[in-house]
Amino acid sequence: MSKRSGEAVRNRNAQTPPPAPEPLRVAVPDCHTHMDMQSPAVPEIIAAAAAVGVTPLIQVGCDLPSSRWAAETAAEHPTVWAAVALHPNEAPRLVHGDGAAGVEAADTDWTGGRRPPGGPEALDAALAEIDRLAALPQVRAVGETGLDYFRTGPEGVAAQQESFRRHIDIAKRHGRALMIHDRDAHDDVLAVLAEEGAPETVVFHCFSGDADMAKVCAERGYYMSFAGNVTFASAQPLRDAAAVAPAELVLVETDAPFLTPKPYRGRPNAPYLIPHTLRALAATKGMAEDELAAAVAANAARAFGL
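Numbering-wise (the UniProt record's numbering), the sequence shown opens with residue 1 and increments by one.
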């Protein structure tokens, strides 16, 4: 096989959806997914997930268009619920514009183009719409919000923190779970929650802390949602965190189409692959698969009012 042919095969394999895993005996939800970024149609995504015991699905917004889409999709499908928010990287982009100093694009540019600076008024208007969406009955969380210092530099921190504080207020006023995106910002996320007063329910989406942070979250009653990266060879600190996280505070998610679990890392992720992550978590925690699945299902029902 030529070098060029070998590369073509690898590229084709990278885009091939992984096979369906053995179904779970106890159904669990996917607590965080982005079906608007996945290629199959929503009914296909739902059916493939349900076939392996993954239901319901929580569709998560990152900006105004995707938050509106999440709410609309949840209204159309009884096994889908919605979360709405401005991603932490979206807030400084609204205020300072796309491409401003210290304001970089997130992992995926969901805006579809560059915008000029909108100032605080643009953030205010966007948050007013998130507030409206959060009141809808099919919306069960305000997220993903929080802080992300990986891509946004110091110039964007003030807008991120202001947006995060405002989302906390929205979650509390509407009685919704607060779904947190926390990247390279553990201390500040915990500090802002303490300063503002956390909502009754806090979920750390794609938990990325170590065992010490997991203990802090457990003390405060925060849920920790683990994604496919807990299966990565480099993720021992994350597995250490999962090991000490109380079973009654553990959730499972895909963050699809990102973070595909082993053995299919690098290929498209989707809710039907949750069983791989659930089984890896069960092994890490020394629990039977069905025992952890039952705990996760109960936790999600409690956290999101499913």
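Rather than coming from a laboratory, the hints here were simulated on the basis of the structure. Glycine is no exception: its CB is placed at the ideal position from the N, C-alpha and C atoms. Some hints could be false.
Straight line, CA to CA, 25 Å or less: simulated SDA-like cross-link-like pairs of lysine to any residue [stated by the list, open to error]: (1) Lys172 x Glu155; (2) Lys285 x Pro40; (3) Lys215 x Asp124; (4) Lys262 x Ala75; (5) Lys262 x Gly286; (6) Lys172 x Gly153; (7) Lys262 x Ala247; (8) Lys172 x Val244; (9) Lys215 x Ala297; (10) Lys215 x Arg265; (11) Lys172 x Ala235; (12) Lys285 x His186; (13) Lys262 x Pro17; (14) Lys215 x Gln236; (15) Lys215 x Ser234; (16) Lys285 x Ala298; (17) Lys285 x Arg25; (18) Lys262 x His174; (19) Lys172 x Asp188; (20) Lys262 x Val244; (21) Lys172 x Glu22; (22) Lys215 x Glu196; (23) Lys172 x His186; (24) Lys262 x Glu219; (25) Lys215 x Glu121; (26) Lys215 x Ala235; (27) Lys285 x Ser234; (28) Lys172 x Ala198; (29) Lys262 x Pro21; (30) Lys172 x Pro237; (31) Lys262 x Pro40; (32) Lys215 x Pro257; (33) Lys262 x Glu121; (34) Lys172 x Glu200; (35) Lys285 x Arg265; (36) Lys262 x Lys172.
The following label-pair restraints were derived from C-beta to C-beta distances [to be verified]: (37) Ala135 x Ala247: 45 to 55 Å; (38) Glu129 x Pro78: 17 to 27 Å; (39) Pro78 x Arg114: 17 to 27 Å; (40) Pro137 x Pro65: 30 to 40 Å.
Going down the list of hints, with the structure as the test:
Of the supplied pair hints, the one linking Lys172 and Glu155 is violated, its CA atoms being roughly 28 Å apart against a limit of 25 Å. Distance restraint check for Lys285 and Pro40: the Cα-Cα separation of roughly 33 Å exceeds the 25 Å cut-off, and the hinted pair is therefore not satisfied. With a CA separation close to 35 Å, the supplied pair Lys215 and Asp124 exceeds the 25 Å bound. Distance hint between Lys262 and Ala75 is unfulfilled; the C-alpha atoms sit about 33 Å from each other, more than 25 Å.
Straight-line distance between C-alpha atoms of Lys262 and Gly286 comes to about 19 Å, which keeps the hinted pair within the 25 Å bound. Of the pairs offered as hints, the one joining Lys172 and Gly153 is violated, with about 29 Å between alpha carbons and a cut-off of 25 Å exceeded. The straight-line distance between the Cα atoms of Lys262 and Ala247 is roughly 22 Å, inside the 25 Å bound, and the hint therefore holds. Taking the CA atoms of Lys172 and Val244, the gap is about 28 Å. The hint is violated against a cut of 25 Å.
Of the supplied pair hints, the one linking Lys215 and Ala297 holds, its CA atoms being roughly 22 Å apart against a limit of 25 Å. Taking the CA atoms of Lys215 and Arg265, the gap is about 28 Å. The hint is violated against a cut of 25 Å. Only pairs whose Cα atoms come within 25 Å are accepted, and Lys172 paired with Ala235 is rejected, the gap being roughly 33 Å. Between the alpha carbons of Lys285 and His186 the distance comes to roughly 23 Å, so the proposed pair stays at or under 25 Å and holds.
Among the hinted pairs, Lys262 with Pro17 is consistent with the structure: their alpha-carbon atoms are about 13 Å apart, no more than 25 Å. Taking the CA atoms of Lys215 and Gln236, the gap is about 16 Å. The hint holds against a cut of 25 Å. Between Lys215 and Ser234, the direct Cα distance comes to roughly 21 Å. Compliance with the 25 Å bound is thereby established for this hinted pair. As the CA atoms of Lys285 and Ala298 are separated by approximately 17 Å, the hinted pair is consistent with the 25 Å bound.
Taking the CA atoms of Lys285 and Arg25, the gap is about 18 Å. The hint holds against a cut of 25 Å. Distance restraint check for Lys262 and His174: the Cα-Cα separation of roughly 38 Å exceeds the 25 Å cut-off, and the hinted pair is therefore not satisfied. Restraint check: the Cα-Cα separation between Lys172 and Asp188 comes to about 19 Å, which is no more than 25 Å; the hinted pair holds. Proposed proximity of Lys262 and Val244 is supported: the alpha carbons are some 22 Å apart, at most 25 Å.
The suggested pairing of Lys172 with Glu22 is violated, with an alpha-carbon distance near 39 Å, which exceeds 25 Å. For the hint linking Lys215 to Glu196, the alpha-carbon distance of about 21 Å falls within 25 Å, and the restraint holds. A hinted pair counts as satisfied when its Cα atoms are at most 25 Å apart, and Lys172 with His186 qualifies at roughly 21 Å. In summary, the hint linking Lys262 to Glu219 is not supported, as the alpha carbons are separated by about 31 Å, beyond the 25 Å threshold.
Only pairs whose Cα atoms come within 25 Å are accepted, and Lys215 paired with Glu121 is rejected, the gap being roughly 39 Å. As the CA atoms of Lys215 and Ala235 are separated by approximately 18 Å, the hinted pair is consistent with the 25 Å bound. Under the criterion of a C-alpha separation no larger than 25 Å, the hint pairing Lys285 with Ser234 is consistent with the structure, at around 18 Å. Restraint check for Lys172 and Ala198: satisfied, since their Cα atoms lie roughly 8 Å apart, inside the 25 Å limit.
Between Lys262 and Pro21 the CA atoms are separated by roughly 12 Å; this keeps the pair inside 25 Å, and the hint holds. Proposed proximity of Lys172 and Pro237 is contradicted: the alpha carbons are some 32 Å apart, above 25 Å. With a C-alpha separation of about 21 Å, the suggested pairing of Lys262 with Pro40 holds against the 25 Å cut-off. Among the hinted pairs, Lys215 with Pro257 is inconsistent with the structure: their alpha-carbon atoms are about 29 Å apart, more than 25 Å.
Among the hinted pairs, Lys262 with Glu121 is inconsistent with the structure: their alpha-carbon atoms are about 44 Å apart, more than 25 Å. Distance check on the hinted pair: Lys172 and Glu200 sit about 7 Å apart at the alpha-carbon level, within 25 Å; holds. Note on Lys285 and Arg265: the hinted pairing holds, with a Cα-Cα distance of about 22 Å set against a maximum of 25 Å. About 37 Å separates the Cα atoms of Lys262 and Lys172, which puts this hinted pair outside 25 Å; it is violated.
Range check, Ala135 to Ala247: about 32 Å between beta-carbon atoms, so the 45 to 55 Å window is missed. Our hint of 17 to 27 Å for Glu129 and Pro78 holds, since their Cβ atoms are close to 25 Å apart. One distance hint, 17 to 27 Å for the beta-carbon pair Pro78 and Arg114, is violated here, with the actual separation near 38 Å. Take Pro137 and Pro65: their Cβ atoms lie about 21 Å apart, and the range 30 to 40 Å is violated.
Checked against the numbered hints above, the structure violates hints 1, 2, 3, 4, 6, 8, 10, 11, 18, 21, 24, 25, 30, 32, 33, 36, 37, 39, 40; every other hint is satisfied.
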